[in-house]
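Protein chains in written order, with my numbering: chain A, 1171 to 1427; chain B, 1171 to 1427; chain C, 125 to 427; chain D, 125 to 427.
Hints are not guaranteed to be accurate.
Unchecked claim - Partial chain B-side listing against chain C, Cβ under 10 Å, derived:
(1) Trp1264
(2) Tyr1332
(3) Asn1387
(4) Val1400
Said to hold, decoys possible - Below, in silico cross-link-like pairs of lysine-lysine (PhoX-like), each with a Cα-Cα straight-line distance of 20 Å or less:
(5) B/Lys1402 <-> C/Lys161
(6) B/Lys1174 <-> C/Lys173
(7) B/Lys1185 <-> B/Lys1206
(8) A/Lys1174 <-> A/Lys1206
(9) C/Lys160 <-> B/Lys1174
(10) A/Lys1174 <-> D/Lys161
(11) D/Lys160 <-> A/Lys1402
(12) B/Lys1277 <-> B/Lys1174
(13) A/Lys1174 <-> D/Lys160
Note that these hints are calculated values from the structure, not bench results. Backbone N, C-alpha and C define an ideal beta-carbon position, used for all residues, glycine too.
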Amino acid sequence: MEHKTCRMLRVRALKELSGGEQYLLTLDDPGFSSWKPGQFVMIRPVSFGLEMLWARPISIAMCDESGLVLMVRRAGRGTERMARLAPGDEVALWGPLGTSFTTDREKPTLLLAGGIGVAPFWGYAARHPRPENLHLLLGHTLPLDAFPLDPFAGIGQVETFYQRTMADLDAFVALLDERVAGFSGGLVLACGPTPFLRTVRRLAEKHGARCQVSLENRMACGIGACLGCVVKDAAGNLVQSCTRGPVFWTHDLSEEM
Amino acid sequence: MEHKTCRMLRVRALKELSGGEQYLLTLDDPGFSSWKPGQFVMIRPVSFGLEMLWARPISIAMCDESGLVLMVRRAGRGTERMARLAPGDEVALWGPLGTSFTTDREKPTLLLAGGIGVAPFWGYAARHPRPENLHLLLGHTLPLDAFPLDPFAGIGQVETFYQRTMADLDAFVALLDERVAGFSGGLVLACGPTPFLRTVRRLAEKHGARCQVSLENRMACGIGACLGCVVKDAAGNLVQSCTRGPVFWTHDLSEEM
Amino acid sequence: MDMRVSFGGLSLKNPVLTASGTFGYGLEFMPYGDLKKLGGLVVKGISLKPRQGNPMPRIAETPAGMLNAIGLQNIGVEIFVRDKLPRLPWRETAVIVNLYACAAEEFGELAARLAGEEGVAALEVNVSCPNVSEGGAAFGAAPSQIRRVTEAVKRSAGDKPVIVKLSPNVTDIVAAGRAAADGGADILSAINTLTGMAVDVRKRAPRLANVVGGLSGPAIKPVGLRCVWQLARALPLPVIGIGGIASAEDALEYILVGAHAVQVGTATFLRPDTAFRLVDEIDALCGELSLQSFEGYRGSLSI
Amino acid sequence: MDMRVSFGGLSLKNPVLTASGTFGYGLEFMPYGDLKKLGGLVVKGISLKPRQGNPMPRIAETPAGMLNAIGLQNIGVEIFVRDKLPRLPWRETAVIVNLYACAAEEFGELAARLAGEEGVAALEVNVSCPNVSEGGAAFGAAPSQIRRVTEAVKRSAGDKPVIVKLSPNVTDIVAAGRAAADGGADILSAINTLTGMAVDVRKRAPRLANVVGGLSGPAIKPVGLRCVWQLARALPLPVIGIGGIASAEDALEYILVGAHAVQVGTATFLRPDTAFRLVDEIDALCGELSLQSFEGYRGSLSI
Ligand SMILES: Cc1cc2nc3c(=O)[nH]c(=O)nc-3n(C[C@H](O)[C@H](O)[C@H](O)COP(=O)(O)OP(=O)(O)OC[C@H]3O[C@@H](n4cnc5c(N)ncnc54)[C@H](O)[C@@H]3O)c2cc1C
Ligand SMILES: Cc1cc2nc3c(=O)[nH]c(=O)nc-3n(C[C@H](O)[C@H](O)[C@H](O)COP(=O)(O)OP(=O)(O)OC[C@H]3O[C@@H](n4cnc5c(N)ncnc54)[C@H](O)[C@@H]3O)c2cc1C
Ligand SMILES: Cc1cc2nc3c(=O)[nH]c(=O)nc-3n(C[C@H](O)[C@H](O)[C@H](O)COP(=O)(O)O)c2cc1C
Ligand SMILES: Cc1cc2nc3c(=O)[nH]c(=O)nc-3n(C[C@H](O)[C@H](O)[C@H](O)COP(=O)(O)O)c2cc1C
Ligand code: FES
Ligand code: FES
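Can you build the whole structure from these sequences, using the hints too?
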């Protein structure tokens, strides 16, 4: 049995990103024996006390000797409370959990990020053997400077789309359509809100692109035990998105997704 | 109707006292229109979240333009969480609440403190018109340097008794007996754990001393509304210790106390 | 937004009431807010004669909640009417008296005593107090008892609306509500506290002298919402939602599942001005949600 | 301290069990601790045939608690016996199977299927699941049903101890426990979840697709303690305490009010090694309290 353990880690730094809606949280290096981009951790600050019982699932943005880096959006009470962590504060953490994004050395690979969904692609870009084959398209509703894009400096192309109004959405979908079409012979990987993933999936199927999406379901345990995070697979079975996912090939998911 | 309001105050400083069992918490000056030693505040750090619902009753040790000072012992989850307050953190606070210790300018006055029960006597000593008439006897189980005694520098006498073992208790009671006897013509004021107050009361009655004690009951509201903090008075009625107390003349309390 | 609500013979300037036992006789809160700001206030449970209540300790804190076993200590109806009621701003804010008794006839007597008091806007019948050994729990549990008590109160209450307050400590709260409806209740309120207990492993003793007590606070909000939802969809009576309300969002949750108004209980201990602040916060949240009125929102949960 | 406990035909190396539905089939936790360390583990509720359970979303967080409406998704008894049971260290740690069915006969069939399985230490009968519309709630509520189900299981269970798990969503939990005793139960466990609900005021939608779900976690500990105390003093059967246990102190509280063992449920989500850690923490706390055995402590609450 793979030894994972639940660790107590200390916060090294918390850096607010421009606009204050997102932040980078750096923790002591957990010393994972290995991890892959797309995998996540369950993190539960001691300060949650008994008020908030569940840990929060957060993608591993980066992890090496200099620490575990998470890129977090203030989405609700938990990520809000987490934003008040200070150096030295303790969190319980278990992982790395779940599946990861496929790497195909030679294939042109399109990374589609909806907002904070960019997080797992940081590690993906850093570890890719041929980063010049990568094209990142980030759709964002927060101003661009809320996203640290320097981790993507070495990749083939970085493209961003600022969606300010509902009307911009059509333009964004058109752009997605065009890009997915361009990568139909390669790989399309997507992470972001569920409606965004549904759109990506539809486009990938339209253009016959091989496509993986990373799902965001509420999770209590993160390890397949509570059955709170299930999703319907192509065979109609309800499978845990924390262990069989979060990264799925779109063809492995039911149409309902 | 007296205007009291519930305020949000910021922490100015938190200073651990030697040994780490007690601390001084200084808050911004709440600007009370008046307050008297023996009165208390209800304090509820924002960090209690929804886990701990009640504010904690804490005596006003000192309050002036330089801030509101509380002297707190780590007694349980709430005072533990409170010990993690940092400058700038917010607390909800209402007060000053309850009754206060009597001042009799000309009378020799014995202040009997059991441990952290010394807190209200800080303000009492500072505001007494004739501090030379005051005699403080502090019984303590924590080492003496956990108690800041400089606020009592100007009073008649400061005496301390270190109770290390159960056997010391008898010696302490004997000392109390002697001191109370010596102040039978004056005033005896006591604050500390309930068994200590019971002993003081018994001795005061034995020697015919006028005596006030400050009770420590669990409180939810602090303002007489919940009826959670009641104590039986001499007439056999259950009265709120938050509004009719916390400071009572012993002869106003039932024998059961 | 126009915050006024009218239901079951009550007209309130807004849907925020305070819950019985957590707001004293109202007067205690005058330093902390303007009582006239509230939709209404429900005073501590009143009995025919003054009561001493349970021995100490009576309260204990629990995760996101608290236990109480006050045991209905109160000054009795006569002193209430003489000393407290005249000092409350009852012309501007509904003063609701919570009735406590141990038998249907006593409930009737209490109602008769208050029926003629101009300052009383409504009567709330506490058939559900789990704290008191003489039979409070039994009242809350048996639909037949609820019906009998409701009838007794209604018979003597004159034109005062009668609110029956239900206990969640039952297998079927709808059956309890139906019994109240059959007895003639104008309004239901729910929930009272859940029966609970806390102990001290070191002293090997219960934390309440009464051993068991009533659990309240945010911890029980999911149970309160469920009960109100069940009542509101099953019965034609208006329901006042109670249980764990500490924020504007909590209050709207109850309205969303069908409540006409809400009562703030334990949250008053978070800070004494909670109920006053809630009035403004609900107004602001309604603005944020672009609500025109509570009418359109109430019970609009999509299932 | 010697942590062993024996009761109702079960012998455990310590009183720490994991609660059904919160510990999967046990195997999921092998990276996080040594299963052999636990007194026992109760697996997810098993039915005769595999079940898909309820639609999503199925879980919601609440103050100091959570709601779930998983709806008994499980792999069915055959696959459990074939694929899961052999991989569990059942010689060292009691493996208890939680049974779920919609009729007494089905419960009997389940028991018959497991009676001959060497690896199964006991059967726990879930007569109290409030999540499932087909009749789970009704089972938990009516004493006559509880008795009938217990009899059916007991008749087919061979020499396996039968644990009946009780719901707190009843007016009288002692009556429910008595029905189980009359039906031949060896052990009672309590409590299952409280029926609750959560809604989203912005989406105007329930937070669970099933609308109502089961409330668990520290929020409900006072209710669990009260139920176990009532059962332990009224009935001669041993009781396993469940509800909000997250610390050694919580566990001892249940033992103090009369429980022979405890189950850790929702606290496993605080961190996956909670139950493993609890074994050591209880040992340490017993040392601090100078306990010689659980015997002398159990039910020693002074009233
Ligand atoms: C595999 C995975 C990886 C993720 N990676 C990141 C990341 O790198 N950075 C980041 O900012 N966010 C990430 N998320 C989303 C993040 O988990 C949620 O935003 C967060 O849990 C919200 O918690 P909250 O307490 O602030 O919100 P609340 O709404 O108060 O949370 C209530 C409950 O709902 C759950 N929840 C609420 N929103 C979401 C959501 N969008 N997805 C999953 N659970 C949710 C919470 O975990 C919590 O259990 C990821 C989610 C998953 C499943
Ligand atoms: C009028 C008054 C003045 C006080 N002044 C001081 C002071 O100046 N400095 C100081 O350190 N302490 C003081 N105390 C005691 C202090 O209130 C308690 O130590 C504190 O509430 C413990 O809270 P906790 O959460 O740490 O303990 P827990 O045991 O976790 O608290 C649980 C509940 O019990 C209550 N409680 C527990 N112990 C006590 C106690 N001894 N007295 C009252 N309530 C208690 C808590 O308020 C809380 O509601 C005073 C108490 C009263 C009534
Ligand atoms: C200290 C206290 C005293 C209470 N006294 C009464 C009472 O006298 N009559 C009554 O009907 N309910 C009484 N209740 C119940 C509350 O009115 C309310 O129904 C319950 O606390 C749930 O609401 P909450 O979670 O907002 O507190 C009391 C509750 C508390 C906490
Ligand atoms: C996600 C989840 C799933 C559950 N599934 C079951 C189940 O299948 N069978 C059962 O008897 N109880 C089930 N329960 C109830 C628990 O076993 C336990 O009785 C309850 O959660 C109270 O304990 P706790 O507060 O420690 O969680 C489930 C609880 C949760 C939280
Ligand atoms: S989060 Fe528990 S099974 Fe996936
Ligand atoms: S603390 Fe509420 S009445 Fe005294």
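Going down the list of hints, with the structure as the test:
1. Trp1264: Cβ of B/Trp1264 sits 6 Å from chain C, so the hint holds.
2. Tyr1332: Check failed: Cβ of B/Tyr1332 comes no nearer than 25 Å to chain C, outside 10 Å.
3. Asn1387: holds (7 Å)
4. Val1400: Result: holds, 6 Å to nearest chain C Cβ.
5. B/Lys1402 <-> C/Lys161: violated (35 Å)
6. B/Lys1174 <-> C/Lys173: violated (33 Å)
7. B/Lys1185 <-> B/Lys1206: The hint is violated at about 24 Å.
8. A/Lys1174 <-> A/Lys1206: holds (14 Å)
9. C/Lys160 <-> B/Lys1174: holds (17 Å)
10. A/Lys1174 <-> D/Lys161: Status holds; Cα separation ~17 Å.
11. D/Lys160 <-> A/Lys1402: Violated, because 34 Å separates the two Cα atoms, which is more than 20 Å.
12. B/Lys1277 <-> B/Lys1174: violated (32 Å)
13. A/Lys1174 <-> D/Lys160: This hinted pair holds, its Cα atoms lying about 17 Å apart.
In summary, the numbered hints that this structure violates are 2, 5, 6, 7, 11 and 12.
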